[in-house]
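J.: The primary structure of each chain is shown beneath.
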Amino acid sequence: MTTVPPALVAAAAAFPEVEFESVLGDTVARASRDDVVGLLETVRDAGFELFIDLCAVDYLSRNPRFDIAINVVSVSQSLRLRVLVGIPGTDPQMPTVSSVYPGSNFYEREAFDLFGIEFSDHPDMTRILLPDDWEGHPLRKDVSVGSVPVQFKGANKAR
Amino acid sequence: MSNPPDLVPGEPDVPSEDRSSPESESRRSVHDLWLSGTEAPRELGPFTDEGAQEMLAGESPELLASQTGTLVDDDYEAPSRSADDELQIINMGPQHPATHGVLRLHLELDGETIRRVKPIIGYLHTGMEKTAEALTFMQGSTNVTRMDYLSPLHNELGYSLAVEKLLEVEVPPRAAAIRVLMSELNRIASHLLWCATSGFDIGALSMMIYGLRERESLLEFFEKTTGLRMNHNYIRPGGVAADLPPDWREDMVSIIAIVEAGLADYVTLLLGNPIFIERTRGVGILTHDECLAYGVTGPVARASGVDYDVRKVFPYSGFEQYDFEVPITTNGDVYDRFLIRFEEIRQSIRIVKQVMETIPEGDYRTEDRKVTPPPRARIDESMEALIHHFKIFTEGFKVPAGETYQAVESSRGELGMYLVSDGGSKPWRLHVRGPSFANVQSLPMMLADSLIADTVAALASADPVMGDVDR
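Chains R and C, in that order, give the protein sequences.
Taking the numbering used here, the leading residue of the first sequence gets 1, the next gets one more, and so forth.
Taking the numbering used here, the leading residue of the second sequence gets 1, the next gets one more, and so forth.
Because the hints were derived from the structure by calculation, they are not lab data.
Treat each hint with caution, since some may be false.
[As the list claims (entries may be wrong)] Not everything, but these chain C residues come out facing chain R in the computed CB check (under 8 Å):
| hint | residue |
| --- | --- |
| 1 | HIS125 |
| 2 | MET128 |
| 3 | LYS165 |
| 4 | VAL169 |
| 5 | PHE222 |
| 6 | ALA261 |
| 7 | VAL306 |
| 8 | TYR316 |
| 9 | PHE342 |
| 10 | ALA401 |
| 11 | GLY402 |
| 12 | GLY423 |
| 13 | LYS426 |
| 14 | HIS431 |
[Unchecked claim] In silico BS3-like pairs for lysine-lysine, Cα to Cα no more than 30 Å straight-line:
| hint | chain 1 | residue 1 | chain 2 | residue 2 |
| --- | --- | --- | --- | --- |
| 15 | C | LYS353 | C | LYS165 |
| 16 | C | LYS370 | C | LYS391 |
| 17 | R | LYS141 | C | LYS224 |
| 18 | R | LYS141 | C | LYS165 |
| 19 | C | LYS224 | C | LYS370 |
| 20 | R | LYS141 | C | LYS398 |
| 21 | C | LYS391 | R | LYS141 |
| 22 | C | LYS165 | C | LYS130 |
| 23 | C | LYS130 | C | LYS370 |
| 24 | R | LYS141 | C | LYS312 |
| 25 | C | LYS398 | C | LYS165 |
| 26 | C | LYS312 | C | LYS165 |
| 27 | C | LYS353 | C | LYS370 |
| 28 | C | LYS130 | C | LYS353 |
| 29 | C | LYS391 | C | LYS312 |
| 30 | C | LYS398 | C | LYS130 |
| 31 | R | LYS141 | C | LYS353 |
| 32 | C | LYS165 | C | LYS370 |
By construction, the Cβ of each residue, glycine as well, lies at the ideal position given by its N, Cα and C atoms.
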């Protein structure tokens, strides 16, 4: 049990299943999919009002396969909090946090676009960076970089 | 438009299946063109109709609220809704000189008033985060420097700090001071270019030339120090690529004189100009709460009264040693964003002057041979040096497994690097939290309920760099 910053004591008490730890100087909370919206609401009311970032990581062979990392900041208390949410590869979805932090809207669309993680109740769950008819989710680890056929290189290759 | 019918925005009156009509496909195939004697191109399949990118009459209430910018603060004062056939949706960009890159905006207009805004991004997406996974940690800074191409040194700094955090490597004090110096010069250069293009967008045509002229002095110094005017790859994990040129102090003196003189000119040219004031005061307003909820940072947030500067709140690279102030205003309009950026240039000059006085002598990169390649002369003498050199340039150095988030204050706001390593010599994942991405998302709140003519002013004041948005 690592020490939890005073601003997060109430949140830690309200969500006993959320593990708080300190990783290289950052406060990291590991929450389940069911807890994340409630936890973020508590945390936002505790002063972490600046939404910074939401992104996905594909660990491929790990279980759960994906992590969603949500970064929020308390400006007045100079604190940064990262909430990690494990997402299984067989059921890649989690509830949207855009109801708590509206700014996560684009970030969730990006995670959906590049990793194929669906955010339920998201107002506009569409691709954001890639064209709508793109197949697959390219930042997943089982998607290769691919190549573009060019002239004069490997002339025998099928085009 | 007498007696407008009472339309409920949530109800679709156009079926969404209508979007890809068979006619549009046949029309397209007629226009396929190829050269005589060559094989006809294969059928490309149904043309992308970018359905999700379309602005539909019937959207969900949350989506409407985000497009009208009323989700956080409801300051929408549009007159009573006119009939839908009097609304028009126009498309601005992606090829538009005022979008500063390839940003596309869907604007729903009621006469000259903007009702709804939908920013559409992705036109510059080149998969740089995927590329980062194929490059070693040492090569990575060549990749990130191309994201926000107007403040490349901040990208390199954030990336290098993140790698060093995982490696637990300390850079020498001189390297940290050089990083501070170069990133502050980059902030000045970026703000000068911003002044130039924003002034130009608003109609102060001479501003374009003035801003670029002053910025040139900084780019010349960057070229002298790093070898390149942009995309420097100068700040690297372990330190910087080269020491400052021997006569850098004289260069600083002349740069500061040029920038200060230019700044005085801009203040006279813009801030007192009644036309400029008319075009910027009360335009493109973002409130304090909207900035927080949408993750808007940097000068845009500080113009709205958000007292957040990563250099002060989470100091990095020794910023806590320097004495500087963070300018804050509360109106949150375009005029205030000009004031903030002018003041930030002055504060950056203050930091540069302090670096000139306090920069210590010593190494400009760490002596840790696992990270920094040995000097060329050592390779002839030492077997160890040869091995290290070979290992670094073939395999790259290994970074302990772990994940970390490192933020720096770029010219546009908080630039964060979320770096995950699996213990190998390439990042497992590198996510870049670009400040422009969040700032572009806040455009509906700035633009909705204002005049179409103000779009350009508000958009320019947000200073989006599309390389940073789309990556």
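J.: Give a verdict on every hint.
T.: Hint by hint, here is what the structure shows:
1. HIS125: holds (4 Å)
2. MET128: violated (11 Å)
3. LYS165: holds (6 Å)
4. VAL169: Because about 13 Å separates VAL169/C from the closest Cβ in chain R, which is outside the 8 Å limit, the hint is violated.
5. PHE222: Status violated, d = 29 Å.
6. ALA261: violated (35 Å)
7. VAL306: With a minimum Cβ separation of about 7 Å from chain R (threshold 8 Å), the hint on VAL306/C holds.
8. TYR316: violated (11 Å)
9. PHE342: violated (23 Å)
10. ALA401: violated (11 Å)
11. GLY402: Since the shortest Cβ distance to chain R is 7 Å, the answer is holds.
12. GLY423: violated (13 Å)
13. LYS426: Status violated, d = 12 Å.
14. HIS431: holds (4 Å)
15. LYS353/C to LYS165/C: holds (28 Å)
16. LYS370/C to LYS391/C: With a Cα-Cα distance of about 9 Å, the restraint between LYS370/C and LYS391/C holds, given a limit of 30 Å.
17. LYS141/R to LYS224/C: violated (40 Å)
18. LYS141/R to LYS165/C: holds (24 Å)
19. LYS224/C to LYS370/C: The given pair, whose Cα atoms are some 28 Å apart, holds under the 30 Å limit.
20. LYS141/R to LYS398/C: holds (20 Å)
21. LYS391/C to LYS141/R: At roughly 26 Å apart (the allowed maximum being 30 Å), LYS141/R and LYS391/C satisfy the hint.
22. LYS165/C to LYS130/C: holds (22 Å)
23. LYS130/C to LYS370/C: holds (26 Å)
24. LYS141/R to LYS312/C: violated (37 Å)
25. LYS398/C to LYS165/C: Measuring from Cα to Cα gives roughly 13 Å; hence the hint holds.
26. LYS312/C to LYS165/C: holds (19 Å)
27. LYS353/C to LYS370/C: violated (34 Å)
28. LYS130/C to LYS353/C: Roughly 39 Å separates the two Cα atoms, so the pair is violated.
29. LYS391/C to LYS312/C: violated (38 Å)
30. LYS398/C to LYS130/C: holds (19 Å)
31. LYS141/R to LYS353/C: violated (47 Å)
32. LYS165/C to LYS370/C: holds (15 Å)
When the structure is compared with the earlier hints, violations turn up for hints 2, 4, 5, 6, 8, 9, 10, 12, 13, 17, 24, 27, 28, 29, 31 and for no others.
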